[in-house]
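Novice: Under our numbering, residues 1 to 286 are what the sequence shown spells out, in order.
One or more of the hints may lead you astray.
Said to hold, decoys possible - The calculated lysine-lysine pairs, modelled on DSS-like cross-linking and capped at a C-alpha distance of 27 Å, are:
(1) Lys175 <-> Lys213
(2) Lys54 <-> Lys91
(3) Lys134 <-> Lys148
(4) Lys183 <-> Lys226
(5) Lys61 <-> Lys175
(6) Lys183 <-> Lys134
(7) Lys223 <-> Lys269
(8) Lys183 <-> Lys250
(9) Lys138 <-> Lys63
(10) Lys61 <-> Lys91
(11) Lys250 <-> Lys213
(12) Lys219 <-> Lys280
(13) Lys226 <-> Lys250
(14) Lys223 <-> Lys260
(15) Lys175 <-> Lys260
(16) Lys134 <-> Lys91
(17) Lys226 <-> Lys175
(18) Lys61 <-> Lys72
(19) Lys250 <-> Lys218
Source of the hints: derived by calculation from the structure; they are not laboratory data.
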Amino acid sequence: MTTGLIAIAFTFFSYATKDTTVHRENMNGYDYHLFQGTPAWTIAKAVEDQDTAKIIEIVAKNKQMLEARDPKFGETLLAIAVMTLKYNSAKTLLALGADPNSQDKYAGSSPLMEAAGILLTDSLQYGSNPKYLKLLLKYGGDPNAEQKGPRPPGYGVRETPLLEACSSGYLDLVKLLVDAGAKINYNNGQTPLFNAVISAYTSPDVVLYLIEKGADYKKPFMKNIKGQDIYITDMMRDWHYDLNSPAYFKKMQLVDFLKKNGMDYRSTKIPEEDFDQYPKEYLEKY
1 MTTGLIAIAF
11 TFFSYATKDT
21 TVHRENMNGY
31 DYHLFQGTPA
41 WTIAKAVEDQ
51 DTAKIIEIVA
61 KNKQMLEARD
71 PKFGETLLAI
81 AVMTLKYNSA
91 KTLLALGADP
101 NSQDKYAGSS
111 PLMEAAGILL
121 TDSLQYGSNP
131 KYLKLLLKYG
141 GDPNAEQKGP
151 RPPGYGVRET
161 PLLEACSSGY
171 LDLVKLLVDA
181 GAKINYNNGQ
191 TPLFNAVISA
201 YTSPDVVLYL
211 IEKGADYKKP
221 FMKNIKGQDI
231 YITDMMRDWH
241 YDLNSPAYFK
251 KMQLVDFLKK
261 NGMDYRSTKI
271 PEEDFDQYPK
281 EYLEKY
């Protein structure tokens, strides 16, 4: 489970009672019923209910419950607590010794990695929810941990918390990780700056911040099908902000900065499809 795969609603609320028997093959990674029939089922229900006294009571008798894993994804209860916004449960589990870096057995995601990406917010909208990331970092979350272990089909480069945050496009999450020591120029085939550039459809804030903090913006990100190097200036052609919007002026700020440092955005090729979608006046300025 990674945050980039969030595409389901609250199916864990869909059962008549917690003890209704359900089949794991139909469950997603947000479902506490994953623990049904395991020794951790009682504490799983307590975590879902945010019954912190019960959680403390159970862990006092059996500390191994902190690292209990569901049989399908190998997720810990701390990870599910983060993904389902059970803040009091997550805080209690961490205070009792739960590991914020413990990775699942599905794709190598951890509670910290989940918190570093897009979560549901308290208003039940997808977005930035930094209080979970703050909490996990406080209890020893590693901002530079990389996904390990087996990989399911279709998964690409292994993520880190900062790569996840840069993909989310939320500056507050990125700042928290950088302040905690995340490596700006980490590179395992993708970099934080690359993820920020391809995710900057609404604003270049994260890109500007990473460059300000020392991200290497002069290296090519990739090669195209012709074997030509693709630079940040080429990829910025995909940023179609409304002219005179705050995002547009930030883009122009970056355009000026790059030109002063030997990288001319205006000399890059405008994608052919843009000529069919945007008026000439826009293409002359964007």
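Novice: For every hint, state whether the structure bears it out.
Specialist: Structure-based check of all given hints:
Distance check on the hinted pair: Lys175 and Lys213 sit about 10 Å apart at the alpha-carbon level, within 27 Å; holds. A threshold of 27 Å between alpha carbons decides the hint, and for Lys54 with Lys91 the separation of about 14 Å falls inside it, so the pair holds. Between Lys134 and Lys148 the CA atoms are separated by roughly 23 Å; this keeps the pair inside 27 Å, and the hint holds. The straight-line distance between the Cα atoms of Lys183 and Lys226 is roughly 31 Å, outside the 27 Å bound, and the hint therefore fails.
Restraint check for Lys61 and Lys175: not satisfied, since their Cα atoms lie roughly 39 Å apart, outside the 27 Å limit. Between Lys183 and Lys134, the direct Cα distance comes to roughly 17 Å. Compliance with the 27 Å bound is thereby established for this hinted pair. Annotation: proposed proximity of Lys223 to Lys269 holds, straight-line Cα distance about 15 Å (limit 27 Å). For the suggested pair Lys183 and Lys250, the alpha carbons sit about 24 Å apart, so the restraint of at most 27 Å is met.
Of the supplied pair hints, the one linking Lys138 and Lys63 holds, its CA atoms being roughly 21 Å apart against a limit of 27 Å. At most 27 Å may separate the alpha-carbon atoms for a hinted pair to count; Lys61 and Lys91 meet this at roughly 19 Å. Distance check on the hinted pair: Lys250 and Lys213 sit about 16 Å apart at the alpha-carbon level, within 27 Å; holds. With a CA separation close to 31 Å, the supplied pair Lys219 and Lys280 exceeds the 27 Å bound.
Pair hint Lys226 plus Lys250 does not hold up; C-alpha atoms about 31 Å apart against a cutoff of 27 Å. At most 27 Å may separate the alpha-carbon atoms for a hinted pair to count; Lys223 and Lys260 meet this at roughly 24 Å. For the given pair, Lys175 sits about 26 Å from Lys260 by alpha-carbon distance, which is consistent with the 27 Å threshold. For the given pair, Lys134 sits about 11 Å from Lys91 by alpha-carbon distance, which is consistent with the 27 Å threshold.
The suggested pairing of Lys226 with Lys175 is violated, with an alpha-carbon distance near 36 Å, which exceeds 27 Å. Note on Lys61 and Lys72: the hinted pairing holds, with a Cα-Cα distance of about 25 Å set against a maximum of 27 Å. A threshold of 27 Å between alpha carbons decides the hint, and for Lys250 with Lys218 the separation of about 19 Å falls inside it, so the pair holds.
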